[in-house]
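> With chain A fixed as given, assemble chain B onto it according to the hints.
Chains as they are written, first to last, in the numbering used here: chain A, 1 to 320; chain B, 1 to 197.
Any given hint could turn out to be false.
As the list claims (entries may be wrong) - Computed footprint of chain B on chain A, listed as stretches where at least three residues anywhere in the stretch have a Cβ under 8 Å from a Cβ of chain B: (1) 113 to 124; (2) 133 to 140; (3) 144 to 158.
Unchecked claim - For each label pair, taking beta carbons as the anchor points, the in silico distance ranges come out as: (4) A:D22 <-> B:R128: 46 to 54 Å; (5) B:G184 <-> A:L130: 50 to 58 Å; (6) A:R87 <-> B:R49: 49 to 57 Å; (7) A:E250 <-> B:A20: 50 to 58 Å; (8) B:E102 <-> A:D152: 30 to 38 Å; (9) B:E102 <-> A:G169: 55 to 63 Å.
Don't read these hints as lab results, they were simulated from the structure.
A virtual CB, placed ideally from N, CA and C, is assigned to each residue, including glycine.
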Amino acid sequence: MGAEAGCVNVMDRLMPMHLLLDAGGRVLSHGPTLARLVPGGLKGRAFLDLFDLRSPPGLRSAADFPGIAGQKLRMALRGEAWGLRLRGVMLPVAKGWVVNLSFGIDLPRAVVLLHLTDADFAPTDLAMELLCLAEANEAVTGELRALAQRLDGARRQAREEAETDPLTGLRNRRACDSVLARLCRDGEAFALLHMDLDHFKAVNDRLGHAAGDHVLVHAAGVMKAASRADDCLARVGGDEFVMLLPGAAEARAVRAVAERMIAQLSQPIAWEGGECRVSASIGFALMPPGAGADPARVLAEADRALYAAKNAGRGRAVQA
Amino acid sequence: MFGLLLRSIQAYLRGTFGPALWARVLRAAGQPPEGFEPMLPYDAAVVDRVLAAAAQELHRPAEAMLEDVGTFLVADPGHRALRRLLRFGGASFADFLHSLEELPDRARLSLPGLDLPQIALTEAAPGRFRLAIASPLPALFPVALGALRAMADDYGALVLIDLAAEGDRATLTVQLLEAAHGAGRGFALAGGPADGR
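The shape of chain A in the complex, shown without the other chains (with noise of 0.2 Å):
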């Protein structure tokens, strides 16, 4: 092996990237990484055909290459379709210049891109490490990302069975008055009913509790089915319900809903062979838009219609 031969060597293993230019700038010989970017080959080419220089600018031949050596290279190999940058530094030897290559922050890119191997790159050079790095930190966010993920659910989990009320699966007190309270707060147009079932105590003392729960949950059925998608409706006692209507102003139409839902818990309800018989009493009240009312008065009313209704004789709703 002669002395040239073995310092070729010795560039390939320490700068795998690196070209040996002859002083007209044209490629003499190249590091082995060099060839896997520009399968054709390098050989025998001039050095700013090969590659676009975005910085220093302004060079048109090598006779410029005095006056970047040394510099950091910003650039590209023309005609090569992924947008790889490269940087570089360029050095003048005996009878030429030596380039030096790495792909910098396109580092990731450029082993997919290329299929690079450990054996690419120097045995001193980061790129390993950076590699490792970027997979770890990849790994280490999904973890993270997983974590926020389960804990999110957990929470709505928690959320949702603090606010339902199991047996009907309606909302309970608690959310039908933060939802009230919102409601009173932004000044919107809505409706509060309130409903007790009638003879809801005969039927639970006479068929038991199972019964009772069996009508409960019949009631809240026939108040879903009475209800647009975004109205609350909550069981708030034993056998006492509050229907929020957001945008409901008109108390005809508030009225026909729960006139409706009277008519239909007035009949029998099939338990076991046998039948239950409930209805119900509703009081309701309106706010018209911009009211700013107080939750509790706007219960109070509803309360008063409700107590109104049931001396009424029951099975009819009354408006506040």
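Relative to the frame of chain A, chain B by itself:
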């Protein structure tokens, strides 16, 4: 570290023996049914209780199970990330062993605050390595043994590995009999579908 270990045990037991067995282990260990989060802190006593419950459920010593946990973490296709991160350590199994000394520092770069046990490697003679590990969590030692065995397979290397543990210190003796015994699994820097085939 406790969270990572508990999560690993969870992944192994659930993945190998099914969710029903894992649910019984959690119940016996007095832990909530949702299991463990790798990034959350846990008490050392929780690890002990889970190990005791798992040993009873599987009718085998906790150490043997922990060794399988280590193998599972490297070899299970669902845990590709760890195997890949370890393979970045070197092109050969011997290279990889040397990289283990850097493991805690590599881990800290990605997850500051993660304290992996310090590992010191000595190459007593060509092909004979001694790994000294110190950790306040001795359950990690058999996990390391299982993971090392699986990594040797991954590189296609034929090795003999012994573990001698005492308190919070352990020595793993690795004898590299043949560096290229089997085919090993491929490793492409870029990952992708061809990796690990």
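> Does each hint hold? Answer for all of them.
Quick rundown of the hints versus the structure:
Counting residues of the stretch 113 to 124 of chain A whose beta-carbon sits less than 8 Å from any beta-carbon of chain B gives 5, enough to reach three: the coverage restraint holds. Evaluation of the coverage hint for the stretch 133 to 140 of chain A: fulfilled, as 7 residues show C-beta separations to chain B shorter than 8 Å, against a requirement of three. With 4 residues having a Cβ less than 8 Å from any Cβ of chain B, the stretch 144 to 158 of chain A passes the three-residue criterion, so the hint holds. Checked against the hint of 46 to 54 Å, the C-beta distance between D22 (chain A) and R128 (chain B) comes to roughly 51 Å, which is consistent with it.
A C-beta distance of roughly 24 Å is found between G184 (chain B) and L130 (chain A), which places it outside the suggested range of 50 to 58 Å. As the Cβ distance of R87 (chain A) to R49 (chain B) is approximately 55 Å, the hint placing it in 49 to 57 Å holds. Checked against the hint of 50 to 58 Å, the C-beta distance between E250 (chain A) and A20 (chain B) comes to roughly 57 Å, which is consistent with it. Hint check: E102 (chain B) to D152 (chain A), Cβ distance near 36 Å, so the stated range 30 to 38 Å holds.
Take E102 (chain B) and G169 (chain A): their Cβ atoms lie about 57 Å apart, and the range 55 to 63 Å holds.
Violated hint: 5 only; the structure is consistent with all others.
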